[in-house]
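Using the sequences provided together with the hints, build the complete structure.
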Amino acid sequence: MSTPLLTCHGLTVEIGGKRVCTGLDLDIHAGQRWALLGVNGVGKTTLLHTLAGLRAPQAGRVCLHGEDIQHLPRRTVARQLGVLLQEEGDAFPGTVLETALSGRHPHLGRWAWESAKDRELAEQALAQVGLKGFEERPLDTLSGGERRRLSLATLLCQQPRLFLLDEPTNHLDPHQQIHALQLLTQETAHQPRGLLMILHEANLAGRFCDHALLLFRDGETLAGPSDTVLNTEHLSRLYDLPMLALAGPHGPVFVPA
Amino acid sequence: MSPRLTLGLLLAAAPLSLLLAALSGSISVDPGAALTGDDPLARTLVFDLRLPRALAAFATGGLLALAGALMQVLLRNPLADPYVLGISGGAAVAALLSLLAGLGGLLLAGNAFLGALASMLLVFGLAHGRGAWTTTRLLLTGVVVAAGWGAVISLLLALAPARDLHGMLFWLMGDLSQPPTPWWGLLICGLGLLLCLPLARDLNVLARGELAAAALGVTVPRLRLQLYFIASLLTGAAVTIAGSIGFVGLVIPHLLRLAGLRDHRHLLPGCVLAGGSLLVLADTLARSVVAPQQLPVGVITALLGVPLFLYLLNRRGGGL
Numbered sequence: 161m162s163t164p165l166l167t168c169h170g171l172t173v174e175i176g177g178k179r180v181c182t183g184l185d186l187d188i189h190a191g192q193r194w195a196l197l198g199v200n201g202v203g204k205t206t207l208l209h210t211l212a213g214l215r216a217p218q219a220g221r222v223c224l225h226g227e228d229i230q231h232l233p234r235r236t237v238a239r240q241l242g243v244l245l246q247e248e249g250d251a252f253p254g255t256v257l258e259t260a261l262s263g264r265h266p267h268l269g270r271w272a273w274e275s276a277k278d279r280e281l282a283e284q285a286l287a288q289v290g291l292k293g294f295e296e297r298p299l300d301t302l303s304g305g306e307r308r309r310l311s312l313a314t315l316l317c318q319q320p321r322l323f324l325l326d327e328p329t330n331h332l333d334p335h336q337q338i339h340a341l342q343l344l345t346q347e348t349a350h351q352p353r354g355l356l357m358i359l360h361e362a363n364l365a366g367r368f369c370d371h372a373l374l375l376f377r378d379g380e381t382l383a384g385p386s387d388t389v390l391n392t393e394h395l396s397r398l399y400d401l402p403m404l405a406l407a408g409p410h411g412p413v414f415v416p417a
Numbered sequence: 083m084s085p086r087l088t089l090g091l092l093l094a095a096a097p098l099s100l101l102l103a104a105l106s107g108s109i110s111v112d113p114g115a116a117l118t119g120d121d122p123l124a125r126t127l128v129f130d131l132r133l134p135r136a137l138a139a140f141a142t143g144g145l146l147a148l149a150g151a152l153m154q155v156l157l158r159n160p161l162a163d164p165y166v167l168g169i170s171g172g173a174a175v176a177a178l179l180s181l182l183a184g185l186g187g188l189l190l191a192g193n194a195f196l197g198a199l200a201s202m203l204l205v206f207g208l209a210h211g212r213g214a215w216t217t218t219r220l221l222l223t224g225v226v227v228a229a230g231w232g233a234v235i236s237l238l239l240a241l242a243p244a245r246d247l248h249g250m251l252f253w254l255m256g257d258l259s260q261p262p263t264p265w266w267g268l269l270i271c272g273l274g275l276l277l278c279l280p281l282a283r284d285l286n287v288l289a290r291g292e293l294a295a296a297a298l299g300v301t302v303p304r305l306r307l308q309l310y311f312i313a314s315l316l317t318g319a320a321v322t323i324a325g326s327i328g329f330v331g332l333v334i335p336h337l338l339r340l341a342g343l344r345d346h347r348h349l350l351p352g353c354v355l356a357g358g359s360l361l362v363l364a365d366t367l368a369r370s371v372v373a374p375q376q377l378p379v380g381v382i383t384a385l386l387g388v389p390l391f392l393y394l395l396n397r398r399g400g401g402l
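These protein sequences, in sequence, are chains W and L.
Quick note on the working numbering: the first sequence kicks off at 161 and runs consecutively.
Quick note on the working numbering: the second sequence kicks off at 83 and runs consecutively.
Certain hints may be false.
[Claimed, not checked] Example chain W residues on the side facing chain L (calculated, C-beta under 10 Å, incomplete):
#1 V243
#2 D250
#3 G254
These are computed hints drawn from the structure, not numbers from a lab.
Keep in mind it's a predicted model, so treat the numbers as computed, not measured.
All residues carry an ideal CB built from backbone N, CA and C; glycine is no exception.
Pasting the structure below:
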């Protein structure tokens, strides 16, 4: 098998004295799509930020192509790895196109301006998320769902090899949720790319991700292929709620019993 | 209007404002005679009095507007201005003490600069604390230190003998009537702009949030440190030339953003040009409105700036 895009060795993460995971070993290979599942406040976002190198782990290492991500220049990291963050407020909102173009930032030299090709990439990414025609709209006139899709377009414009996404379906209606996840699946399917995303819906995880990482309350983790990890026993333990599996068109559908 | 056209207009406005400042005043001069030296009085007026003062005003305005733009991104707060972190307070205390001690000229300027630097290091040291250096913590520390300097300034004014009060108040309100030579102010302004321009695209990303910037490849702690030091030095230099002049640093960056210069690669040079020109015009008014008496230029910047800003803000309707 090819070298993994991202590797964790014995990763221990804590936040505010609370253990998120202990000694986690994980390889994310090109072509894989991982779902990260867990209850509110278990530390999914904290773990995602650690994997992105945005915070240091308490122990262990996260490696990008074999190099410790904490020691790599941020610019190098950002050319390989793109992060979709939860929304932050914008102090100085620009236009939709300007925001999407900021995805090209890590690829441009210090004195370089965005080229026609960068602009083309941004326009294409906006079209992919259904924001064609929104280019000149100021950011503060967008709805929550439109902003989420714009963040996704910015990420597509960044063209990373590994996508780390914090609740990409947040604020999106069911139609847009499926569209966004299909888009991400396409983007990672035909190229040497991979993704890991936090989801709140085990059924979307089962449908769009081939691997799953479960974060339990006690800092234990379970990682593996979706069809072995996603079952009623594990999900009942994960959500502390008895779960039932029903037969659905894309595999089992899990519902609270 | 495209950003480049706006910048072009600002570039044209700068020499025009300087020309206007050189030719207007209580004594009218013939530009031709001043240039050729046929009229020694006109020559002295233009080249020894008015132009150096106008250039000092330009440098001050440019420094303040540039520092304001940097502070607003650093603190991610549209209300931030160059003085928000207590830099002018430190400079003012040092300057007032110098005035009380009977010092003037270069010693006064040097002490003001040292006061600005000392205040900057104090705020930075206190905010840095145990390693956490969040924007909120920096802002709060700066505001509290500034309040402390404010109290010291009031105390000094209360204790000062009446003969020193006029000079002290003028210094506090911002005054360009006795500027030191303008060249080093212009030099620092130019150097500051040169240091900032390579960071401009990083600033665009930082304005979207620190995590977002880090995710897009910006080394945020280093960038914040650079911004903090550059903005502090620019402010310190401006305070040293002209005392504390409010408003320019807060309003010019916002005016330009409203005019469409949101990209910092346009905004930063725009700030230098617009801030400089505005202060040259304000200072020209300050010395000619009720001539021969002179007003503190800070009064004029606020009287001009407040209605202009409110008008533009209302016209655009919350596009800030």
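Results of checking the hints against the structure:
Because the beta carbon of W/V243 sits about 4 Å from the nearest beta carbon in chain L, less than 10 Å, this interface hint is met. For the restraint placing W/D250 at the interface with chain L, the shortest Cβ-Cβ distance is roughly 6 Å, inside the 10 Å limit, so the hint holds. At its closest, the beta carbon of W/G254 sits 5 Å from a beta carbon of chain L; the interface hint therefore holds under the 10 Å criterion.
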